[in-house]
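Go ahead and model the full structure; you've got the sequences and the hints to work with.
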Amino acid sequence: MTENKLSLLFPFLVCLCVADTALGQVRYSIPEEMVTGSIVGNINQDLGVDIKRMKSGRARIFTEDGSEYIGLNAEKGTLIVAKRIDREELCKQASPCSLHFQIILENPMELHRIDVEITDINDNAPLFSKREYAFQVIESASPGSRFSLERARDPDVAQNTISTYTLNPADHFKLNIVSRPDGTKYTEMVLHTSLDREKQEEHKLTLTAFDGGNPQKSASVKINIVVLDANDNAPVFTRSVYRVTVPENASRGAVILTVIATDNDKGSNEEVSYSFSRHTDSASSLFNMDSHTGEMTVIGVLDYEKAKRYELDIEATDKGGLTDTSKVLIEVSDVNDNAPVISIISLSNPIAENSAPGTVVAMLNVKDMDSGKNGQVKCFISPHLPFKIRPSSTNFYTMVSDDVLDREAEQEYNITITAMDDGSPPYSANKTIHLRISDVNDHAPMFPQPVLTAFMSENNSPGASVLSVKASDKDSGNNARISYLLEHIQMNGVSASDYFSVNADSGEILALRSFDYEQTKEFNIRVKAQDGGSPPLSSNVSVKILIQDQNDNPPQVLYPVQTGGSLVAEMVPRSADVGYLVSKVVAVDVDSGQNAWLSYKLQKATDRALFEVGLQNGEIRTIRQVSDKDAVKQRLAVIVEDNGQPSRSATVIVNVAVADSFPEVLSEFTDFPHDKEYNDNLTFYLVLALAVVSFLFITCLVVIISVKIYRWRSERMFFKSNRNLPVIPYYPPLYADIGGTGTLKQTLSYDAYGTADSRKSDVKCSQPFTQSTLSVERTLPRLKPESETMLTELQQSVAERKR
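Following my numbering, the numbering of the sequence shown begins with 1 at its first residue and continues without gaps.
Heads up, some of the hints might be wrong.
With beta-carbon atoms standing in for the labels, derived distance ranges [claimed, not checked]: (1) 179 <-> 71: 38 to 46 Å; (2) 513 <-> 414: 55 to 63 Å; (3) 382 <-> 241: 47 to 55 Å.
What the hints contain is simulated information worked out from the structure, not anything from laboratory work. Heads up, the beta-carbon is just placed ideally off N, CA and C, and yes, glycines get one too.
Printed below as a string of structure tokens:
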């Protein structure tokens, strides 16, 4: 900028005025050519937006055309001139000339419209396109003949544009300013005194144009007039102004107008040629004028968005040099030849999945350079997406969420925004936004099953792995990072953490102790899966841990009882048939499953050809007929094995007496070390039984006092008795048989009786009708009638004493 222009700017820099502030819209007015950095206005005060809000909202300027004439100083809240503003370059002749832009704030989204009017200063002088013009005027031209002059150009507007013209000298010609019906003005030179070529063949004039600025500026052009011989009549156009409307897509060569001028002269002087005026601007390069026919055709490309109208000065000239001028006003009509342009001003990406419907996602600017319906734009997106477009102000739209978002259902969206104008045919434009949905911790970890079952062998080593639990979380990042915890529940009065532990990362459950199936067969614990969200979410899974049995316990023999102080013996009569049930080995195994399946085998026997043991039920039976040659004393060793791997076993000794009478049995078994004690006990009970029988017999004969005396004497006889008879104790089975499972059905009992004769001993084996014991009739010899009577009385006496 020159120093002269700067001096003109200073009066306009004294004050900057805020013209209007309403509803987020502010208007300022500044002169053109301000120095870069000059303050335009204080939006902090005018919009009521403080400095902190401008910083947190990342305030910035958005212009539709991308121009950067005005800048924003967010630190001070002021608008400044960013670069030199030339009103004539920016708006040409349009008035008023304004800059339109928006100030955008985010979080939350705000939009403020700013209009800055650029006022004109007189920084341009009038200008003629040429320095000199030449006219030929016939000497016979009558006073009042008119000659069109070039109009000076001044880019300034209002009072700074051209205000007046002067023509010097003015002895033959004077200057006339003519106003057209459309309000435009043009200058013409009017002959007011007749010319005489013979007196003065050439006239030199100066045309000066002055603007209305302060200080005033001017420009001059020389006019040379050559006086010709007479041509009485000048051509005349049929119209002073021709108006025509041309579509912007008019093809080259299209005829848009035909002008007509008439000349009243005859002969060659009436021949008229048409042309554009010499001072017609560059718009004439878009059109062509046929000099003979007056047809005006299009020779360039018209663009409504660049220029909406053209003004062309045309001339009709006859052979004598006389002319007439007219104006052609060409209106360019809009055609829908521009598609909308979509610009993304602001975009929140990613957006949280818990954003409420109506959350602003993006702010858009949609501009169509066409006008009317061709420039009216509709903006929309695909209807199946959870978003919608809302208009916010002219050419501005906001895209907001229209439904609840779920990142687990859809992690990202490709949103295609379509802008379509109302032209015919319509034009459209697309803009695709790749929007990501950020995760929120709204899903708890989930186990595939609510209850899990694991198996673990007993006698495990501490630290052994039981199983691994695995949960899944539909969230992502830290919200899906799962930690596993063992819930503190009580099991048998002990916390679950004393038995098991869980790896927090892998979910592997470890046993902290060695387990015994025989003590505890199952555990029920709960494992919690917790994610890393804030706040964290969790879920539980119940784990049933079943302890599997191992063959760690040998079989236990329940019958026959193996005691150190007495001898258990089973009696088999010599008349026993094949298959006679001698006894039954009863055993149990505290293990389970096949580890508790028992089998019985005869390991050793006095005579292996006489007895066999049932493999499954442990029954000892004869496998042949008992003979007299068979030994009375039979000793069997039975081994009991389970079905485990490896198997475990136990051995039991079964003593069998093969005899028809009990004395025979006694004679064979007296060599056992415990026989003497057993016989002493048996003798005692036999003596006592006989005393009771005697006592009952005497009571039938004597009086009550005699009975008491006899009882006292009987007791003395009982204690003085020193008879020692051998007695074999026989222990009855203690278990009831349930059908081939290893136990006997009924119990066995023996009654022994002693007599005064130490050489004889009667034994009675009483049984509740079972084959495994000896019957009285089969095993004991027949007693004398007197003894049978005494025995009966003795049994009755014992029964009464028991009652």
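At the C-beta level, are residue 513 and residue 414 separated by a distance inside 55 to 63 Å? With Cβ atoms ~57 Å apart, the hint holds.
Regarding residue 179 and residue 71, is the given constraint of 38 to 46 Å on their beta-carbon distance met? holds, 44 Å
Quick check on a hinted range of 47 to 55 Å for residue 382 and residue 241, using CB atoms only. Roughly 53 Å apart at Cβ, these two residues keep to the hinted range, so it holds.
When held up to the earlier numbered hints, the structure conflicts with none and fits them all.
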